[in-house]
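Novice: Below are the chains, spelled out letter by letter.
Number of protein chains: 2
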Amino acid sequence: MIDETHDPKRVSWVASANGHVDFPLQNLPLGVFSPPGNNVPDAKARGGMAIGDKIFDLKAALAAGLFSGEAETAAKAASGGSLNRLMALGSAPRRALRRQVFDLLASDGTNTAKARNLAGGILHDANVCAMQVPAQVASFTDFFAGIHHATNGGRRRNPNDPLGPNYKYVPVAYHSRASSLQVSGQPIRRPSGQRKLPEENAPTYGPCRKLDYELEVAIWLGPGNRQGEPIPIAEAAEHIVGLGFVNDWSARDIQQWESAPLGPFLGKSFGSTVSPWIVTMEALAPFRVAQPRRPAGDPRPLDYLWDEADQRRGAFDIALEALVLTEKMRAAGQPPHRMSRSGTLDLYWTIAQMVAHQTCNGCNIEPGDLFGTGTISGPTPEGWGSLSELSQDGQKSNTLPSGESRTFLEDGDEAIFRARASRAGYVSIGFGECRGRVAAA
Amino acid sequence: MIDETHDPKRVSWVASANGHVDFPLQNLPLGVFSPPGNNVPDAKARGGMAIGDKIFDLKAALAAGLFSGEAETAAKAASGGSLNRLMALGSAPRRALRRQVFDLLASDGTNTAKARNLAGGILHDANVCAMQVPAQVASFTDFFAGIHHATNGGRRRNPNDPLGPNYKYVPVAYHSRASSLQVSGQPIRRPSGQRKLPEENAPTYGPCRKLDYELEVAIWLGPGNRQGEPIPIAEAAEHIVGLGFVNDWSARDIQQWESAPLGPFLGKSFGSTVSPWIVTMEALAPFRVAQPRRPAGDPRPLDYLWDEADQRRGAFDIALEALVLTEKMRAAGQPPHRMSRSGTLDLYWTIAQMVAHQTCNGCNIEPGDLFGTGTISGPTPEGWGSLSELSQDGQKSNTLPSGESRTFLEDGDEAIFRARASRAGYVSIGFGECRGRVAAA
Chain A
6 MIDETHDPKR VSWVASANGH VDFPLQNLPL GVFSPPGNNV PDAKARGGMA IGDKIFDLKA
66 ALAAGLFSGE AETAAKAASG GSLNRLMALG SAPRRALRRQ VFDLLASDGT NTAKARNLAG
126 GILHDANVCA MQVPAQVASF TDFFAGIHHA TNGGRRRNPN DPLGPNYKYV PVAYHSRASS
186 LQVSGQPIRR PSGQRKLPEE NAPTYGPCRK LDYELEVAIW LGPGNRQGEP IPIAEAAEHI
246 VGLGFVNDWS ARDIQQWESA PLGPFLGKSF GSTVSPWIVT MEALAPFRVA QPRRPAGDPR
306 PLDYLWDEAD QRRGAFDIAL EALVLTEKMR AAGQPPHRMS RSGTLDLYWT IAQMVAHQTC
366 NGCNIEPGDL FGTGTISGPT PEGWGSLSEL SQDGQKSNTL PSGESRTFLE DGDEAIFRAR
426 ASRAGYVSIG FGECRGRVAA A
Chain B
6 MIDETHDPKR VSWVASANGH VDFPLQNLPL GVFSPPGNNV PDAKARGGMA IGDKIFDLKA
66 ALAAGLFSGE AETAAKAASG GSLNRLMALG SAPRRALRRQ VFDLLASDGT NTAKARNLAG
126 GILHDANVCA MQVPAQVASF TDFFAGIHHA TNGGRRRNPN DPLGPNYKYV PVAYHSRASS
186 LQVSGQPIRR PSGQRKLPEE NAPTYGPCRK LDYELEVAIW LGPGNRQGEP IPIAEAAEHI
246 VGLGFVNDWS ARDIQQWESA PLGPFLGKSF GSTVSPWIVT MEALAPFRVA QPRRPAGDPR
306 PLDYLWDEAD QRRGAFDIAL EALVLTEKMR AAGQPPHRMS RSGTLDLYWT IAQMVAHQTC
366 NGCNIEPGDL FGTGTISGPT PEGWGSLSEL SQDGQKSNTL PSGESRTFLE DGDEAIFRAR
426 ASRAGYVSIG FGECRGRVAA A
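If you read the protein sequences in the order shown, they are chains A and B. Taking our numbering, the leading residue of the first sequence gets 6, the next gets one more, and so forth. Taking our numbering, the leading residue of the second sequence gets 6, the next gets one more, and so forth.
Any given hint could turn out to be false.
[Stated by the list, open to error] Heads up, simulated DSS-like pairs for lysine-lysine below, C-alpha to C-alpha not over 30 Å straight-line:
id	chain 1	residue 1	chain 2	residue 2
1	B	Lys173	A	Lys201
2	B	Lys49	A	Lys81
3	A	Lys14	A	Lys173
What the hints contain is simulated information worked out from the structure, not anything from laboratory work.
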């Protein structure tokens, strides 16, 4: 999958793309947007690709006759208000679309002139477009594959065996809530719920007192499998569309009280924020690396989770950051403050292993389904991807450059995630930001 | 809501309805079916109502001009391949539809003659129609409100405090899997997965060795709320469409190994069977009763779960049965064997409490969402609604009339659920059966 669309010498006639931190010509992520001047966003939402600070309009480009063959099929499927139909097509049409858009937007493509002539109709300024959750998500599974996060959380339950007996065999996950997914930029309202602090005799209902973010990578899926027919790990790649962010906002006090014995529920379901752009597997191909070697003594994954090719190239080398911007910092014009740095190499399981596990019992994945990786924390405090870890569940205060201190999120605080995939000889790409600001209960 | 549609003296000109165990004139449950002679079931699926051993075709009746006003709006919304649009309308149009269909199908209705003349076009033999899951389920929440089941399960974890500290405060629930819902009559394939029995050193991947059914009541929901705006318990009724069954098939060995710390996942997601008919809140109105008095010492529900009207009339008196039919019994022409008898009065929480809890953090319910109550077991072994309870997790064998014995389900076994709502002075109604036969892995 490493081809001319990764050539670092190619540049775009869309000037802002060249050197863009997230969206150079070599990225071309997929999303759903409403063009400017539109009073009914849903009615006119359509698929697009980010290029620099512009959005390339797939519906308009299709109407202008810029696509042919499989790319045309893909552009048609991406012209509606969600990308589910595109995701149902599998990888070949998506790859063809990427190639033709690359050719249209490159300075030296075979169809560059055609596209440049139509620029006014097929390119929109991103900052005046409204982004949407890119697909209708039928099922949202949240994994727990960030081993340092799992260790940090487990230590509170069982200091001697924080991961428990199953962690290194089972890609642990739970069903999460799809209805309350929202897109980056929408406020997240502080939830109310039942909370009981250890020192209290009985629970009360009221606003969450331990509101947290969780830095996770989102995995968008399709076409998926028929019920009863597992996806073998060697075929998982065909069902993975691309990556983005999910902020798995967590109300720790609600979660801690409710979770026995069936797991997290209302502590998570009040809202989860996804970043609007899906960075495709094609764009990420140069950043694939070997699955990090398991520590000596760790069990070999069971056969249904084992694939030589996946071991050699199934992981990703993507650097991640979580930042916080408070109301006070915003007013003072200060930049967001980085709370942690971690990366996708801190995941214990590959995405192919997640797909194989999710379906190994015959459970069916549908186009547009979403996985979260689980919070991705690094091995040391600099890498801890949630405030629960950074504050040791509220015991330790974190000082910000504004002089403020935080255990958990206050109203007005904004959580911001950033990603960067880099490799010598290639153009770096990112996911675009995932942002969400806490609104009062 | 108790009106002429509950009058026990009214009968139908559809002869099989009168005295029908499940579907007399006074029930009229909603479902989605494909009429006979249809080679492409999905393309022609439409809403209908069960009446005796027939299905009343809402799309055909609409086309024949049999409806007016709000009932016409409801019939239009029910004419497609799922009931989501009808569920989005709320209770008034659904109630109007019920009244007009009652009038059409009663022997002495004002429009009886019109309907009888069209009988060939608007009634189908149920046994030649293909039923479907009645709605596209976006989110499926499974509660844990059967207190005897929760106690039986908890006893294995903690004999001294089987329910744990939160059970009597929190309507405990988890997100379950919507993609693998199937309708009564479809086979359920024995799932494979990671299992580790306590006596084994390491897990293996293979077919489930502890396959179980769970007797649950299904709750169909709509229209639902906007994200961030909880549904107050006093308004919950408007969002409850009706009831049916869900068999929450469970792979106990997979579940036991995977569930720490995030709860059940693949042990449940391989498939859940729903009964095809939604028995509406209107049909169930005569069978509403007071919420059973909590034992002395139990806490009063928190305010957001407390509503006087709900306490007085929020529960249902519906008798439930779980039966098993093995391959050998089937071959010998033996009837299914009843494994347990319980009822909806064995639920610790009302449905309105479930709706209020689900949304109390701002989580949004969408039209067509599904709740399961959790397994409904009675207080004694005669009432235990799963084989895990009846066999004490496989320790105790249950003898069947065929001479066979069972701890968990064998291939070819069929689990069958039946319900009956009865009250002096009213015509009894049922849900129709929920059946699923185990196919080999």
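Novice: Quick one: which hint numbers does this structure break? Sort them smallest to largest.
Specialist: 3
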